[in-house]
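Protein chains in written order, with our numbering: chain A, 1 to 110; chain B, 1 to 117.
Watch out, some of these pointers could steer you wrong.
To be verified - Partner residues are not named here, just some residues of chain B that face chain A (Cβ under 10 Å, in silico):
(1) Q6
(2) D24
(3) G111
Stated by the list, open to error - Each pair of labels, with its calculated beta carbon distance range:
(4) A:S51 with B:S5: 19 to 27 Å
(5) A:G40 with B:S62: 22 to 30 Å
(6) A:L50 with B:G16: 41 to 49 Å
(7) B:Q84 with A:Q57: 15 to 23 Å
(8) B:D18 with A:G40: 40 to 48 Å
(9) A:K56 with B:V12: 19 to 27 Å
FYI, nobody ran anything at the bench for these hints, they're computed from the structure.
Where is the CB? At the ideal position from N, CA and C, for every residue including glycine.
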Amino acid sequence: ELKVEQNPLFLSMQEGKNYTIYCNYSTTSDRLYWYRQDPGKSLESLFVLLSNGAVKQEGRLMASLDTKARLSTLHITAAVHDLSATYFCAVNNYGQNFVFGPGTRLSVLP
Amino acid sequence: GAGVSQSPRYKVAKRGQDVALRCDPISGHVSLFWYQQALGQGPEFLTYFQNEAQLDKSGLPSDRFFAERPEGSVSTLKIQRTQQEDSAVYLCASSFHWLQGWDYGYTFGSGTRLTVV
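The shape of chain A in the complex, shown without the other chains (with noise of 0.2 Å):
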């Protein structure tokens, strides 16, 4: 049974700091997502990650995929206010099938 881990599961930072999340799955899988969720609000894409060291950047944040190590970062550069949200990774289990983590709830204090 895949099972999927994020930690920390809570996070608080200073804007201007960085830190990374992480995610560890228990079975092999070819893909990872990255979604974010604000309060009350949808889940929005963030990457897809589809091969062992990919990597994808889009403003301050940068996906990586170890698929060996069944490892996923999510790396938050110089945090401004606008990235709290909680961020969730989601690993395809089969077919279409998505099995997801549970979510790092982040809070970036000015």
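Once you've looked at the hints, dock chain B against the given chain A.
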């Protein structure tokens, strides 16, 4: 429409009541998913449609849950004899084609928050 639309936005049901939750995917989107998101948790897969065909319903937690998409567009998630543990946000997601979602991620609706009292 411009996005995935779900209704109602909020639903309060008495225990034992039947409810129906509606999802209007983006026009032309073939793939449609339902997810259940409990408070403070990640979404959990319920079921997947490709057009009108329900290809995977392995995530439906019990036979009280039923989903349909008879004309391949609007989908309804029905929960019979609601229980308190059914309280959650029910999210719908879609993509133009399974491959588009596969490669770019899926478009989610804002969800229906169901509270069973």
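Against the structure, the hints:
{"no.": "1", "hint": "Q6", "verdict": "9 Å, holds"}
{"no.": "2", "hint": "D24", "verdict": "13 Å, violated"}
{"no.": "3", "hint": "G111", "verdict": "7 Å, holds"}
{"no.": "4", "hint": "A:S51 with B:S5: 19 to 27 Å", "verdict": "34 Å, violated"}
{"no.": "5", "hint": "A:G40 with B:S62: 22 to 30 Å", "verdict": "27 Å, holds"}
{"no.": "6", "hint": "A:L50 with B:G16: 41 to 49 Å", "verdict": "46 Å, holds"}
{"no.": "7", "hint": "B:Q84 with A:Q57: 15 to 23 Å", "verdict": "43 Å, violated"}
{"no.": "8", "hint": "B:D18 with A:G40: 40 to 48 Å", "verdict": "26 Å, violated"}
{"no.": "9", "hint": "A:K56 with B:V12: 19 to 27 Å", "verdict": "41 Å, violated"}
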